[in-house]
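Undergrad: Taken in order, these protein sequences are the chains called B and C. Residues in the first sequence are numbered from 1 upward in steps of one, following this note's numbering. Residues in the second sequence are numbered from 1 upward in steps of one, following this note's numbering.
Just so you know, these hints were derived from the structure itself, not from any lab. Check before you lean on any hint, since a few could be wrong.
For lysine-lysine, the following DSS-like pairs were computed, each having C-alpha atoms within a straight-line distance of at most 30 Å [as the list claims (entries may be wrong)]:
#1 K42/C to K57/B
#2 K13/B to K67/C
#3 K1/B to K42/C
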Amino acid sequence: KAGVTQTPRYLIKTRGQQVTLSCSPISGHRSVSWYQQTPGQGLQFLFEYFSETQRNKGNFPGRFSGRQFSNSRSEMNVSTLELGDSALYLCASSLGSGDYNSPLHFGNGTRLTVT
Amino acid sequence: QKEVEQNSGPLSVPEGAIASLNCTYSDRGSQSFFWYRQYSGKSPELIMFIYSNGDKEDGRFTAQLNKASQYVSLLIRDSQPSDSATYLCAAPGGQNFVFGPGTRLSVLP
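Kindly produce the complete structure, drawing on both the sequences and the hints.
TA: Written as structure tokens, this is what we have:
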């Protein structure tokens, strides 16, 4: 079974630009979560989608948005990029039941650098 | 607000020793816990989960859960240099997982 696939692996953008990251979950997984990881802040939760609906959102500004498609694939968008948005963005999929039967499985991440 | 706490380390152990990684959590209602291993520059990978009080063993790894003390730990027996990584403790919190800051483990040859 294929794992979680994130594209692209690396991105370099300039301040003020916008970026879209893509995530394809494990087949059969209906929940997709996004996390931002920086050296100083650890793994910070962005949002979680299940069956095309955002079920939960972390404490990030409105510049960060996402969506999920009917095939469970998800995209995350960051508008008006700031230097502080430089981070590893991780997508994780799960069955979505929120218990021990559905741990998160992470993709390889997208490393975003904002200059 | 659910919180998961870990000692950030670094924790250094000699090759062949037992590494003990600890995690405390704030929500008494938490039922299950997950341990992830993250190598530098890589994404986290699931290594174990536990949901019952007591011990759970998987190869060289043993997870221990004490719900009364709100404490979960991961023991790595016969530590190898390849175990050098950051270990993240996580607990489901509604529709998202709450992660601890991670403990950096260094196994010295």
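Undergrad: Would you mind marking each hint as holding or not holding in the structure?
TA: Structure-based check of each hint:
1. A distance of roughly 24 Å separates the Cα atoms of K42/C and K57/B; the hinted pair therefore holds under the 30 Å criterion.
2. At most 30 Å may separate the alpha-carbon atoms for a hinted pair to count; K13/B and K67/C exceed this at roughly 46 Å.
3. Restraint check for K1/B and K42/C: satisfied, since their Cα atoms lie roughly 20 Å apart, inside the 30 Å limit.
Against the hints set out earlier in the document, a violation occurs for number 2 only.
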